[in-house]
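Student: Hints are included, so try docking the two chains, each in its own frame, into the full complex.
Line order of the protein sequences matches chains H and L. Here the first sequence is numbered in the numbering used here, starting from 3 and rising by one per residue. Here the second sequence is numbered in the numbering used here, starting from 15 and rising by one per residue.
No lab work stands behind these hints, which were simulated from the structure alone. Honestly, I wouldn't trust all of these hints.
Listed below are the simulated DSBU-like cross-link pairs for lysine-lysine, each with C-alpha atoms no more than 30 angstroms apart in a straight line [what the hints assert, rightly or not]:
id, chain 1, residue 1, chain 2, residue 2
1, H, LYS308, L, LYS132
2, H, LYS137, L, LYS134
3, H, LYS109, L, LYS346
4, H, LYS306, L, LYS132
5, L, LYS71, H, LYS137
6, H, LYS306, L, LYS339
7, L, LYS71, H, LYS166
8, H, LYS314, L, LYS71
9, H, LYS204, H, LYS273
10, H, LYS109, L, LYS304
11, L, LYS132, H, LYS137
12, L, LYS310, H, LYS166
13, L, LYS134, H, LYS314
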Amino acid sequence: MQLSRDQLLRAYRQMKVIREFEERLHVDIQTGEIAGFTHLYCGQEAVAVGVCEHLSTDDKIVSTHRGHGHCLAKGCDVDGMMAEIWGSRDGLCKGKGGSMHIADVDKGMLGANGIVGAGAPIAVGAGIAAKIDRKGHVAIAFSGDGACNQGTTFEAMNMAVVTKAACIFVFENNHYSEHTGFEYAVGTNKDIASRAEAFGMKIWRGDGTDFFSVFETMREVLDYVRAPGNGPAAVEFDTERFFGHFEGDPQRYRGPGELDRIRETRDCLKKFRASVTGAGLLSDADLDTVDADVMEAIETAVTKAKAAPRPKPEDVLEDVYISY
Amino acid sequence: MARMMYREAVLSTIAEEMERDENVVVLGEDVVGGNGTAGGPEAIGGIWSTSAGLYGKFGADRVIDTPISESAIMGAAAGLALTGKRPVAELMFADFIGVSLDQIWNQLAKFRYMFGGKTKCPAVIRMAWGAGYNAAAQHSQAVHHILTGMPGLKVVMPSTPADVKGLLRTAIRDDDPVIFLEHKALYGVKGEVPDDKDFMIPFGHARLSRAGNDVTIVSTGLLLGFCEAVADKLAAEGIGCDVIDLRTTSPLDEEAILDSVEVTGRLVVVDETNPRCSLAGDICAMVAEKAFASLKAPPISVTPPHTPVPFARELETAYLPSIPKIEAAVRKVLSYR
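Isolated chain L (complex conformation) (with noise of 0.2 angstroms):
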């Protein structure tokens, strides 16, 4: 085991996979920096440090730095992957999906099914999310059930520089299009992280990081070590709390979820999206049709409320899941007769 930070898990499992594939590329926007400038190559080396001396290792030829062209790096995400290549594109904020989603909606998604089952496309797209940063309404999103929500994708959020690790590794070896959510607020957090060069986390297994028989929170990101803290404080009251981090959205572990409801009976789900057609309503209305007769109370989601990402400290504090809200809805379904 080794400790480190949630970026350096990032690069380092680039850095590994490129070493043992070839047809491993990297592109993006300054993921090598400084190109054209007096400051020269590897100035930067990604805006996350998660690209840093991949340049100087792996030449120019597989890290690619790009302009600011999202639909284009997609584009040639998609181009590069259908023609024998695993690229690594990283598109800077999730946010800017908005600007690209043709080419990972339209395209990346649809190949496969749309050719009849007769390509794979293999391509991994590394997004940075989630809001706390003060960085405003379109450097701070949640974009997970959006993207969950088109067939054809992977999506990949890992809590844990362990999780970077093994899913960032599965994601790459993956054949088919991968989505991989890199929360912000994450990438300074250290943790021990296996050594070997092959550790692989699969897709679609949730980790259940709190046990108890009370109730279930599912959660994901950064908002899983709010749930861990809460379950930590309910336990020393007895209370116990399954916490479940379903590392991926799709697939979707809905055995895992299910499986602890039908022993605790009490669902809250704590998401970073907004609540409308969001990931909580969706865990919450699966567990309703398929678990209804478990459950001893109605499920509680804890969302982000029908608004923008807002900018001054005391507005997002008040938009984001904290432990406190948490908490409460914790307490809430626990006290539903």
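One chain only, chain H, in its complex shape (with noise of 0.2 angstroms):
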């Protein structure tokens, strides 16, 4: 189905928006100005827009430790997410969560996760209440190629399909388990989707790095798990991870000339690009005003960030409970 000039503006700007944001915090981490552990998603965009574009924010997600990507895509507000990462008290968590566990709830973002493989059976407990109420919403779990090896992923598939949870298991297969390939840590040396299938359920594959394969899998996707009664689905995205495990990571692991070749022919942006300007539905000059008012809110994000003011000590107590 063909999109609108709208629906493609906004589509690349979704997925250019998390580029940058990434980017602008693989500069700005160096610094040593921001604290802990980052994860960056930067590759991966197409994923993250293609599934989330179709989504409202009665549809839930839950995300990985790999999550900026995910968040943005889902709504997250970019000044509210620089602000957390940059631990200041005007941050969507108030500078409690941090990187890892960036959520907006209001949104239908359950959450980023710092432990891999925990969020498939929390999309499957929002999978069931969506079934529930049978207003034809989804939850989705995003998890990647690590986290399709944890024991809490297989109880979760297991668990959606047993309920006729309405929930989606989306693998990022980005081929590394943290340092380690995914030919050698994921035991069928084939794929993640069949794993799935085994467990019950329909399944679907897509390039993780074409927004529009992305897009219309999930299209179809998202039409099965909606209709009433058909329960969960899964679908594998095959896609690049840019950058390493963490900010930080030498990538030792990485072939000669690997970043530089997935950069050229992997990268979801420039086939986006090539793609739009080839059929002539976007020009050039469309996507250019879009990176740069992109560069600008990211700009104005990291200054808003920076000039935020720093949690008190006193907050330490606050929000562990609602009563005590």
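Tutor: Next comes the structure, spelled out in structure tokens:
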């Protein structure tokens, strides 16, 4: 189905926001001003955006430690996220979560997650709630090729099938679970989707470096899961991770020229631009305008984050309980 | 008032709350039971009979039989709670926190804090706990000291059917995650229970089950009854014991303990967890820090030894605190000069 000009511009902008948000963090983290562990989503933007462009705030997602892209794609505020990563009191989580725990439940974003494989069971709960409510909403668990090896993910897939939860397991195969290769760590030695199929789910596969592949695949997946009675589904997107597992990772596991090659041939933003300009749907000038706008937005977010008030020592005691 | 068993108080409270609030859902292993068998649904109704009849009354959407997947059960409870439901999830044995702890500890307990106070997570996790059934090391444990040490969780331990009623209702209506620990040996115990369908007992308020001025005994769960028996025996000798039923270990009613110790000056803590990093050690330390001047004797704790729960009857008896062991501890703390 052909997307409108506005839809195309919006999708491109969303991917560009994620890209520049992460590229900027990659630079700023090296100054030592940003505390903690950060895992960047660069390279996988087409997946988060291709999935989330189909969703409303009533659809839920559960994310991972590499969660910035999912958060931004689901509508989390850019300024609030940057402020959170800078540990500010104005952050989305008041500086209590940081990079790995960004959440905005009102937007249907049930949290990034520092524990690999922890998200899938939570998404099953949200998917059961969606099934009970019978409004056609869904819950999506983003997992990587690392999380696909956790027992929690296996339990979640079986339980989703058994309970007919309105749940979608989106596996982003970026070929690295932390610093270990997919071909070593995933015993099926072939793919992740076939595992999901073995649990009794209908499965799809798509190119996670191509927005249009993700978007069109997800249209089918969502039509299936939103229909009453079908239960869960799974989809695997083959994608790339442009940075290390965490910021500071020397990436000694990469092959010669690998990073240059994937940046050249597997960049979802370059592919999108080539596709839409080649088809005459958008011009380079249209996209350049978006680029400039996004760069300005990121600069603003960083400026605000740096100037934002720091948490107060007494804040440490707040928000543990609603009442105690 | 109605006379009912501890387990009946669990079941009737869940049923009343499901009736009152359609967002209350029950999930766990065999909570329906019999699904996929010749016997059909509700052949079991929960291995503790604490969900019998709920499936027939409230349907499959709200009474959810799960596979044996404790992580997924706890995670699903978390996901349900984050999206507007009030899950009451059953972990068949408290010992099974071992295979599901991440979802309890790193997820449920921490969502609100990690997310900057912008969400609530109204989940109740029910667990059957405690020794006394020769169920050995993996089906008998007391784990409340582990869970009490986790910020973000509330930990509730009713000792009577009436407290089950009042505390479970509070737990289900509470907007924070609550661990609700049901002692296996109490399921068949009967007691008077208020009929009021809004009867609630607030968390963090201990119950004084015996009053006396000579010794403070702090306990909860099955062992509370043992402490009461000791107090009754000593009362005949003219020795007065305050017996404090904690009801909840998180929050902890420090004030009730300190107020009592200020009068008695002598403290015995009786608990079923192992002694190291334990609830008993925690309470003794708290009293030493906050009421040192009131103490007339070193506090004594009565706990199992630093061993797993053994199987054979003789061994389990040796392992568990008992009425004679508690009585000996009380006499020892009284004899200190």
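Student: With reference to the structure, classify each hint as holding or not holding.
Tutor: Now for the hints, and whether the structure bears them out:
1. H:LYS308 x L:LYS132: holds (23 angstroms)
2. H:LYS137 x L:LYS134: holds (22 angstroms)
3. H:LYS109 x L:LYS346: violated (60 angstroms)
4. H:LYS306 x L:LYS132: holds (21 angstroms)
5. L:LYS71 x H:LYS137: holds (23 angstroms)
6. H:LYS306 x L:LYS339: Violated. LYS306 (chain H) to LYS339 (chain L) sits at ~64 angstroms, over the 30 angstroms cutoff.
7. L:LYS71 x H:LYS166: Holds, because 21 angstroms separates the two Cα atoms, which is no more than 30 angstroms.
8. H:LYS314 x L:LYS71: Violated. LYS314 (chain H) to LYS71 (chain L) sits at ~50 angstroms, over the 30 angstroms cutoff.
9. H:LYS204 x H:LYS273: holds (28 angstroms)
10. H:LYS109 x L:LYS304: Distance ~46 angstroms between LYS109 (chain H) and LYS304 (chain L) Cα, so the pair is violated.
11. L:LYS132 x H:LYS137: The given pair, whose Cα atoms are some 25 angstroms apart, holds under the 30 angstroms limit.
12. L:LYS310 x H:LYS166: violated (62 angstroms)
13. L:LYS134 x H:LYS314: holds (23 angstroms)
In terms of the numbered hints stated before, the structure departs from hints 3, 6, 8, 10, 12, listed from lowest to highest.
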